[in-house]
Amino acid sequence: MKLDSKVPSGDLAEKWQNHKDSLKLVSPKNKRKFHIIVVGTGLAGSSAAASLAELGYRVKSFCIQDSPRRAHSIGAQGGINAAKNYQNDNDSVWRLFYDTIKGGDYRSREANVYRLAQVSNNIIDQAVAQGVPFAREYGGYFANRSFGGALVSRTFYARGQTGQQLLLGAYGALMRQVDEGNVELYPRREMVELVVIDGKARGIVVRNLLTGEYEKYWADAVILATGGYGQVYYLSTNAINSNASAVWKAHKKGAFFGNPCYVQIHPTCIPHTGEYQSKLTLMSESLRNDGRVWVPKKKGDKRPPNEIPEEERDYYLERKYPTYGNMVPRDVASRNAKMVCDEGRGVGETGRAVYLDFRDAIKEFGRKTIEERYGNLFEMYKLITGEDAYEVPMRIYPTVHYTMGGLWVDYNLMSNLPGLFVLGEANFSDHGANRLGASALMQGLADGYFIIPYTISEYLAGTKFEKVNEEHEAFKEAVEEADQRYKKLLSIKGNKTVKEFHRELGEIMWEKVGMSRNEQGLKEAIEEIRKLREEYWNNVKVAGEANTLNKNLEFAGRVADFMELGELMAVDALHRRESCGGHFREESQTEEGEALRDDEHFSYVAAWEFKKLGDWELHKEELKFEYVTPTQRSYK
Amino acid sequence: MEKKRLTINLKVWRQKDADSKGQFVNYTVKDVNPDMSFLEMLDVLNEDLIKKDETPIEFDNDCREGICGMCGAVINGTAHGPESGMTTCEIRMRMFKDNDTIVVEPFRARAFPIIKDLVVDRSALDRIMQKGGYTSVRTGGVPEALSTPVPKQNADMAMDMAACIGCGACVAACPNASAALFVSAKVSHLALMPQGRPEAARRVERMVAQMDEEGFGACSNHGECEAVCPKEISIIGIARMRREFWKSMFK
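Protein sequence lines correspond, in order, to chains H and Z.
Residues in the first sequence are numbered consecutively from 1, following the numbering used here.
Residues in the second sequence are numbered consecutively from 1001, following the numbering used here.
One or more of the hints may lead you astray.
To be clear about the criterion: a stretch of chain H counts as covered by chain Z if any three or more of its residues have a C-beta under 8 Å from a C-beta of chain Z, and this derived list gives those stretches [said to hold, decoys possible]:
#1 45-54
#2 58-69
#3 74-85
#4 277-290
#5 379-393
#6 547-553
Computed Cβ-Cβ distance ranges for the label pairs, DEER-style [stated by the list, open to error]:
#7 H/494 <-> Z/1016: 19 to 27 Å
#8 H/520 <-> Z/1005: 57 to 65 Å
#9 Z/1176 <-> H/485: 55 to 63 Å
#10 Z/1221 <-> H/310: 17 to 25 Å
Facing chain Z, from chain H, some residues (calculated, C-beta under 8 Å) [as the list claims (entries may be wrong)]:
#11 138
#12 139
#13 150
#14 453
If you're looking for bench data, these hints aren't it; they were derived computationally from the structure.
Ideal Cβ placement from N, Cα and C applies to all residues, glycine included.
Put together the whole structure using the sequences plus the hints.
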């Protein structure tokens, strides 16, 4: 099967407009006849559901939480990029496009990224009209900042709660459509099957999380906006309920999975302190502007940090990267932290942490200045660790933060499965092999507000739909399949809890499919995951019953899916024998130990087709660069 | 640098479903790392219960960093526990002492029926939002962002109010189980922004009417809501809501 990206022809800057002009429209009267399912209510899902309902489609919106407003977009702190050039620093759509495609290490589509930069400005207009309280200056106009090393100040923010404010804007739009009767809301529902009829996505089966009942919903198109799969690693900055089950079920029904091995690992998180730990908290990487990263020179040095004299400290980033020092990019900082810990020089109770020391900055600028710059972060650190970072160095460690991979979609955001659209972090598009700061919010809202409302009409108007409803055989089969799975999980009554299995899977993924990967480790990971999966289905112990609220059972289903997706991530990482962005293959590095891309052999999107468990077929979508020239990064 | 581990005695509200009678059940959790979060301590207890073939305690939670608003329990009589300005998930075990007894209950209010154990139904808050927690704009049909300047002071005050996470602690803490702080936070946020003015009157009327219909009580200025609000939203919001409400009556 040939993957058709459906990227329109013509000049890069004209593609999206030309494409929109050529898309089919659905008449207002006919829009009422089309039913659309939207799964997930984060930025992408809420904005899509609201915008489609405004157009007149009949929308059903599903989420696993008790309210659409809980979706994990809410956790995004930093900001949202747009090419407004309000700061007169010569920003432009071209520059935002260029930074994003370069930041993605040249593993994304030019046309998609350019479109993203173009609509970035509409997003700001939309959010402002919704009343989102972006930071303002005294004149009443916007305060913008530079983020993640960008040379221009293009990031809009609402204190440290930009994701929350943008989500509440989209949630408000969704609530308005609920009130007007255009959206039916289904909270506390988990999608457990995608229903495919005559080769088209025609509905979903959800499990009502309060009663355990299966509910069947048909539609003319299904939109998945269910977020990323960072929770495969057990510990991540994702929310507890973040999961991959919706995209995984779609994958098993035929949707290709794009670049599953592209995972972003953020270097400045609060390290874990014990087995009980359930999540890791991100701290702004701005801390590295003034903090110095070090570990003891000696292995297993258990002295308190302040008792370790200067000459026995290894400021390894400053040593290895004299020019960039502590400011090296996320992936380089993360990988080096892991390396020194693997050498046995990690610090803290678990030995999986490095110091981020503000002693010298406090000496140079005074405590007050440091307080002004990072006061809230120091407070957060103290709350979680009980330590005062003004007195003792912070301990930090990298953590999984975002997944660039996801279901493969074409320029219209439709998967290879007709009628199945995928938005936001759940799809693979736009960020290539690495995402830049303040770009996730931008992509989620671009997809939901400004792309899907146009592109979905092309599919709806151009497709002949057979009449289906919930009585169709395919729905019965899907319910049966889901029911069998949950019954089986409850019936095993083994000796290990879901959490124990999840933690073990996370350890394999982190050690062997994490920051630094090699052929041997990846092959081992595949074997270990398969073994663990087999054990899971024979020895897992799931509590309680099926016909009631049972979070342990919910998790059991999600972990079962992580066990399969984890293998595909390793398979993809093994096949991509190059380093790019967040994917570092030890076999492919420069003499200085930096990531080395192999454009000749790997300038493509890897889209995996599910054959059967443990067996995938690779399809390649070649990436062509007509407007930018891929170059190698260097931070020495 | 091993930290001293704690032993914690818990009295947890267990209730099978909305129709069953609930009761407190005692548990002891040993070897608690003081760095654990309160919910992680419950995770540890739940793992233990699962291994003993008992039913784990159900509690809502998601982001575990104080922003999603999904968690919430009354801990020793206070919604979201002993420290102000925090959600339940942000509470750490070092805030308790060795051998402490901690009473854990769901948020209780007529408008928040109990679903199971510590899980309650807060969908009433969504239904209030449906009546006006937004500006009525269509996607795309909006002016350029710069066209309406917003005074910094307004933007800042609006942000103070917009910080509400919709957890419902204000309702749980209020002797009247009023949702006034929740509703006023959204009313105030949008009343302070020029974009929210055109429908300010309609918004406050409709949201307040829905609040009453859902069975929330009236506000009698106790201020308990402000004291437990994890985002420290001020009851100044309630004053502003009242002003908006009276203004709407003369429109």
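Taking the hints in turn, this is what the structure says about them:
{"no.": "1", "hint": "45-54", "result": "holds (count 4)"}
{"no.": "2", "hint": "58-69", "result": "holds (count 5)"}
{"no.": "3", "hint": "74-85", "result": "holds (count 3)"}
{"no.": "4", "hint": "277-290", "result": "holds (count 4)"}
{"no.": "5", "hint": "379-393", "result": "holds (count 4)"}
{"no.": "6", "hint": "547-553", "result": "holds (count 5)"}
{"no.": "7", "hint": "H/494 <-> Z/1016: 19 to 27 Å", "result": "holds, 25 Å"}
{"no.": "8", "hint": "H/520 <-> Z/1005: 57 to 65 Å", "result": "violated, 39 Å"}
{"no.": "9", "hint": "Z/1176 <-> H/485: 55 to 63 Å", "result": "violated, 46 Å"}
{"no.": "10", "hint": "Z/1221 <-> H/310: 17 to 25 Å", "result": "violated, 59 Å"}
{"no.": "11", "hint": "138", "result": "holds, 5 Å"}
{"no.": "12", "hint": "139", "result": "holds, 7 Å"}
{"no.": "13", "hint": "150", "result": "violated, 19 Å"}
{"no.": "14", "hint": "453", "result": "holds, 7 Å"}
The earlier numbered hints that this structure contradicts are 8, 9, 10, 13.
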